[in-house]
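Asks: So you can see what is in the structure, the chains are spelled out below.
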Amino acid sequence: MVTVTLPEIRKAQPLPETKETALDIQELDIYYGDYHALQNVNLPIKKNAINALIGPSGCGKSTILRSINRMNDDVPGFRAEGTIQYDDVNLLHEEIDTVALRKEIGMVFQNPNPFPKSIAKNIMQPLKEHGLYSKQNLSKKVEENLKQVGLWEEVWDRLHMSAYSLSGGQKQRLCIARTLSIHPEVILLDEPASALDPIAMAKIEDLLLTLKESYTVLLVTHNLQQAARIADYTAFFYQGELVEYADTKQFFSNPKEKRSADYISGRFG
Amino acid sequence: MNRKFTDKLATATFTFFAMMIVVILTALLGYVLYMGVQQVSWDFLTSKSSTFRAGGGIQDQVFNSFYILLWTMVFTVPVGLAGGIYMAEYARDNKLTAMIRICIETLASMPSIVLGLFGLLVFVNAFDMGFSVLAGALTLTIFNLPIMIRTCENAMRSVPIQQKEAGMALGYTRWRTITTILLPSAFPSILTGIILSAGLVFGEAAALLYSAGMTSPNLDYGNWNPFSETSPLNIMRPAETLSVHIWKVNSEGIMPDIREIADGGAAVLVTAILIFNIGARMIGTWIHRKFTSK
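Residue numbers (the working numbering), protein chains in the order written: chain R, 1 to 269; chain C, 1 to 294.
Under the rule of at most 20 Å between Cα atoms (straight-line distance), these lysine to any residue pairs were calculated in the SDA-like manner:
| # | chain 1 | residue 1 | chain 2 | residue 2 |
| --- | --- | --- | --- | --- |
| 1 | R | LYS47 | R | ASP232 |
| 2 | R | LYS103 | C | GLN162 |
| 3 | R | LYS19 | R | ASP88 |
| 4 | R | LYS19 | R | GLU213 |
| 5 | R | LYS135 | C | THR180 |
| 6 | C | LYS290 | R | TYR164 |
Listing some non-contacts, in silico: residues in chain R with all C-beta distances to chain C over 12 Å:
| # | residue |
| --- | --- |
| 7 | GLN26 |
| 8 | PRO56 |
| 9 | SER214 |
| 10 | ALA228 |
| 11 | ARG267 |
In case anyone wonders, no lab produced these hints; they're calculated from the structure. All values derive from a computational prediction rather than experimental measurement. Quick reminder that beta carbons are idealized off the backbone N, C-alpha and C, glycines included.
Working from the sequences, and respecting the hints, build out all of it.
Replies: Structure, rendered in structure tokens:
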């Protein structure tokens, strides 16, 4: 007798279809040389929501982020199969203009990485890069973006000082402001608060909650509490496999998969 | 007790050898400067060298040294920078790159007299440049290029990857990431590298013997016509540099004050190189501080 077993991930799928999908990841397989880093991932990223990717180190959650904005293209041996549907294009298509793509899909990294320039220039430079030159508009944008991340009140009187004079949390908010300045639709954040103290982390979390009103947020985090606090949807990865994707409340209170339950309760990872 | 003793012994040994190096270097430097400074006078620096009589100066040789250095840098910096950027940012990790790397390494360890003979055969003879500033500068370019490529490559690579990623993630093209993010960050180390290698080039003699030549025309510093034989600016004239002069005076000089000239010239040469090296450090630190202004 022949029995056909569907992969577990398929079973884990039925989801609250409350929000529109911004990025639709379908049958994504990623390889680094012979290493199969992600296996048949199907994951709809919801628009105007915080989508958290959690899982132990090396489970492939950062790989997903870097595949979406094609930052992995230069990694030797990197290969992606499947589709990441954004509007009506497949982001993995060879002929995608990565420069245009990264303008639409911004990224914030784990370690704050402002440019070694003044606070104002950190925001002005990318704008100039994308064709905004008028001094007046640039200063207006600096103010606007810094206000957006709640940094304006803290730094308005020292915009011309080096960004390196800021604290870690301020640097990270400056990096978020810099990403916002070029008007992305989607923001990818790779453990943006893991290098910060709890107060700075709380500020970043509050900021993300306001950002989801106008942006689609995809957040990779190690911190389960963080996902539980601010994410609308949570996807749990384990060893390159999407184990469970669900509404955050449901995921943490009533996980469907045993591995999810074990991870949440700290039995492994 | 035993482990403590070993530790102390190691510390003492390393300190001893470090001190020995310092002592040898200071003694050498001190000797050259002590012997030389007595000979250096304004007159020595600003008069022409003389072939037979005592009291010749080193004016033309000092000028030639700087002039050849200038041209060498004009050739080396753009090529070295381009090569370094290519190796750091564009070269894929394949056999071609590995071969380029081996070539650079080999070139870097090539004895400079061999490069000098190469200059003689290729630039002086085959390209018919004769003993000239140009032939000398091109030979020194080959001498200096591997160092420059490696310096620029290392400088580019030492920029934190996070900086590069920040640019890429903001939708910068690769070219704009290099010019607006990597190069400004790498600039202080590149500049330091340029100045340090300038010191090496300035002191190089063997590569120049048969390319820039061991003579100098009777230079007229009022002559600004770069095509005139006596113009200092002419790049097709032979140009004996200071270090070549020191070597020549010592080995085949027939003037009575050989020792004085050699000592004085050596002191000037060493001082110039010291200034290059100290200047490189100071400018590097200064720019670094200015760029990152903490």
